[in-house]
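Protein sequence lines, in the order shown, are assigned to chains A and B.
FYI, the working numbering numbers position 144 of the first sequence as 196, with every residue one higher than the one before it.
FYI, the working numbering numbers position 439 of the second sequence as 466, with every residue one higher than the one before it.
Please keep in mind that the hints were generated in silico from the structure rather than gathered at the bench.
Note that the structure is predicted; figures quoted are calculated from it, not measured.
One or more of the hints may lead you astray.
[Unchecked claim] What the simulated footprint calls covered on chain B by chain A, stretch by stretch (three residues with Cβ under 8 Å from a Cβ of chain A suffice, anywhere in the stretch; the number is not a length):
(1) 101-111
(2) 158-165
(3) 179-191
(4) 253-261
(5) 315-323
(6) 472-478
Ideal placement from N, C-alpha and C gives every residue a C-beta, glycine not left out.
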Amino acid sequence: MKNKKKLSGNYFKDFGTAVAKGDMGVKLSLLVMGAGYFARKQIINGLIMIALEIVFIMTCVFYAAPNLAKFGTLGTVQFEQVFDPLTMTSKVNDYDNSFLILLNSIIALFIIAVFILVYIGNIKAVYRLQVRKEAGKHINTFREDIRALFNEKFHITLLTLPCLGIILMNIIPILVLVAVAFTNYDQQHMPPSALFTWVGWKNFKQLFTNSTTVTFGYSFGKILIWTLEWALLATLTTFIGGILMAQFINNKKTKLPKLWRTLFMVAIAVPQFVTLLLVRNFFADSGIVNTICSNIGLTDFLKSIGLVNSNLTYIPFLTNPTWAKVMIVLINIWVGVPYQMLIATGVLMNIPVDQLESARIDGANSFQIFWKITMPYVLFITGPSLITDFVKNINNFNVIYLLTQDVYVTSDQLLANSNAKEVDLLVTWLFRLTNEYYNYKIASVIGILVFIICAAFTLITFTQTIKGNREEDFR
Amino acid sequence: MKKKVLAAVLATSMVAASLVGCGNEAGGDTSADNSTAATDNSAATTDNSAAATDNSAAADNSAAADNSASSDDPVANLIAATTDTVKLTVWASEEDQTLTTQLLEDFKAAYPDVTFDITLGSESESTAKDTILTDVEAAADVFAFADDQINELVQAGALQPVAATYTYDVAGANAAGAVEAATVNGTLYAYPMTADNGYFMFYDASVFSEDDVKSLEKMVEVAEAAGKKIAMDVSNGWYIYAFFQGAGYELTLNDDGSNNCTWNAAGATDVAQAIMDLFGSNVLVDMGDEEMATAIAEGTVVAAVNGTWRAETASDAWGENYAATKLPTFNVAGKDCQMSSYSGYKLIGVNPYSANVGWSMLLAEFLTNEAAQTARFEARGLGPANTAAAASDAVQADPAISALAAQAAYATPQRVGGNFWAPAETLGQILADGSAGSDLQGVLDTAVEGIMAPIE
């Protein structure tokens with residue numbers, strides 16, 4: 053942490069030094085950004101900076117200012133239109149669109165922040181030029197600057213585009229999402245016809261309170277627990293399944309290993325949603341699996357041992373909370389194991405043969421070799437990918453949604469009152485709230501929480517796995 | 028920990044560096060970054076100015092129309108005021124594409140002086156709301172939707188009121204129920220297109236006599252004797268409404284989008300008990316729509332509560348024994364109550380954000396006039412909302428549509444807020460599978476609390 057403080061301290065200290073010790077050109081740059089360059093006869097650089105400053109000021113006046121002025125209220129003029137039956141046209145007033153105001157304001161704030169960085173950087177740069185000049189060193193011409201971008205500073209040229217992409221595609225949408233969590237953007241307040249406004253922490257409070265009418269708190273707790281259970285189970289089962297499968301296929305006694313491997317790859321080749329929807333139909337209450345189970349008497353047997361409610365004529369594979377949870381994990385094994393098998397195969401092929409050989413000579417049996425050598429090795433190599441898998445499973449939308457949508461009806465009334473189901477993950481609940489109930493505010497809050505949970509988990513586990521010098525231990 | 032912080036700082040500084048051009052002898056790349064940003068801005072401003080141009084163009088148009096309003100005929104005025112190509116987008120369901128394409132051609136032919144550029148998109152009536160509410164401004168100018176979505180669409184400002192009609196009298200030509208379904212708070216918001224989106228009972232006449240289908244208890248008795256089942260999707264708010272409304276308990280919509288519900292009032296537990304008894308027999312079974320279709324085709328289900336969209340499945344399975352009628356009565360604490368239902372209509376709406384509201388309204392009228400509704404019945408068997416079209420012999424002879432007409436007396440238009448569905452679904456589920464327990468009043472209280480949850 054000290055590092056960071058020092059860095060940011062230096063950042064502003066340098067700026068202060070530049071302003072204090074700078075000559076006329078540098079000081080003038082505080083007002084006219086190109087001045088410092090003109091003083092060193094870098095005319096083109098100077099012109100570019102002036103142009104940049106003008107564009108920024110124009111942006112502020114014509115784009116940022118009108119939007120930011122309404123940022124505090126997110127708009128006050130409601131949409132109104134008057135239809136004239138005689139001309140068959142309607143007149144629309146100059147209405148505010150809360151969402152556009154929010155979006156544009158955030159972009160504007162972002163532009164301002166970036167400009168401040170550029171501004172400070174500019175002062176420092178011209179001061180550095182001054183220092184070079186005073187020291188009698190060479191000052192680059194514009195052409196040399198450009199050339200430098202393709203040589204010693206090529207990384208800057210390369211990274212510009214990805215950084216812009218990240219800002220446009222990730223950072224700004226995330227900032228908007230975070231902002232929506234503090235508004236009352238929902239079905240009652242949908243732009244462009246209605247306005248929404250800031251409500252502070254109210255949505256967060258709502259998610260953690262539990263009254264008779266608002267059951268979000270209850271649902272959040274239940275769903276969070278199941279989400280974590282699911283992520284743990286799904287990760288572990290597919291991981292172990294994948295390793296065992298790879299081990300069996302890699303075994304020297306297995307005939308036609310390539311054929312088996314290809315067969316399992318087919319499961320990947322079929323799009324997941326096709327598989328899942330088909331499986332959902334197989335396991336429907338009157339689906340083919342139930343017909344078979346009932347014909348061979350399995351249904352009656354399960355009834356007699358109490359696993360199936362006695363007044364049902366079918367096995368509620370995907371309609372009873374416990375059954376559905378077990379089935380989802382099982383079906384996920386089938387869908388997820390081939391991937392893990394691929395990874396495990398790669399790892400297993402790279403196990404140093406000498407270790408296995410020496411173990412065998414020492415008299416270890418296959419199981420001991422697997423448990424004492426193969427497993428630790430695989431775990432060590434795939435540790436980080438296991439963590440990413442866990443986080444991925446927290447957000448595993450496909451399996452849960454496709455298997456239970458339109459099939460599963462919750463019998464917990466409190467869950468139903470906040471549009472949740474026992475088998476929902478946070479992410480499927482979030483999807484339902486936004487897509488079916490337009491409850492963007494609560495969905496944003498859940499989104500933020502999912503992000504925090506995933507981030508916290510990743511950080512903690514990565515620290516644990518990287519801690520110490522495990523590689524040495526393993527050797 | 029240190030490493031990570033360092034990494035984070037490095038990453039941030041990398042971003043910053045690429046933006047500030049490393050500070051060091053800046054110039055070239057700084058300008059590259061910022062010129063891109065500048066381009067973004069100018070793009071944004073261009074958008075704005077385009078929007079502004081649109082507005083002024085609209086204003087111009089209306090001004091021009093005002094000037095040239097020599098005649099009192101608004102349509103003539105509109106034609107005179109229209110100089111550019113009229114661009115319209117229309118959404119109709121996948122099954123309606125062929126017919127709508129034909130109607131659009133007819134529409135163009137009806138106004139030969141105007142150049143149209145009409146795009147036909149595919150959007151199911153049942154999900155139109157979801158797509159439209161995502162971005163009202165980007166939605167189609169004219170779209171078809173099911174009447175249950177009208178409240179939310181009106182609330183979101185996605186429907187242009189039918190303030191005036193030009194080619195036919197929308198309110199007068201259509202059935203009263205259809206007009207009621209297209210009206211919110213006294214204002215007509217849409218053009219009725221079909222009157223066949225409600226539910227009723229269809230049955231296999233070889234199993235049930237016409238007397239049997241008058242009472243649900245009798246039907247259960249007959250079906251049990253025949254070893255067959257009766258299907259109804261009771262774990263669905265849309266269908267469970269039939270019982271409670273039929274027994275006289277109310278569910279209404281408040282102005283703010285929340286519900287008012289008396290399903291837990293005194294005596295309502297008898298209704299819940301009746302549902303439990305009926306479904307406890309395991310003869311009347313809770314089945315989703317798709318599952319029901321399979322079961323009908325397989326022959327295990329011989330009667331079902333469903334809508335016209337399953338009529339074909341049933342008539343394929345039962346052949347000439349296929350029959351349809353109004354919903355039966357059911358017994359609440361010794362008293363027979365007629366099951367109610369939601370009437371269902373498909374409507375056509377006009378987007379108020381349309382650049383060509385006038386033409387959109389004319390097109391909506393064209394797509395719902397008597398000729399169009401007759402054509403829709405002939406091509407697809409959809410029951411017309413237009414009274415003249417519905418009076419034809421062909422329509423009268425259709426069992427499903429006449430069953431709907433018989434049920435219409437007990438049906439109400441769907442006026443319910445979004446908080447109804449999930450609690451009602453769960454209520455139906457636990458009543459049907461018998462897991463409601465003995466505290467029925469408590470179950471109903473919880474359900475009603477969810478249904479009536481306030482909307483902020």
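Results of checking the hints against the structure:
no.	hint	result
1	101-111	holds (count 5)
2	158-165	holds (count 3)
3	179-191	holds (count 9)
4	253-261	violated (count 0)
5	315-323	holds (count 4)
6	472-478	holds (count 4)
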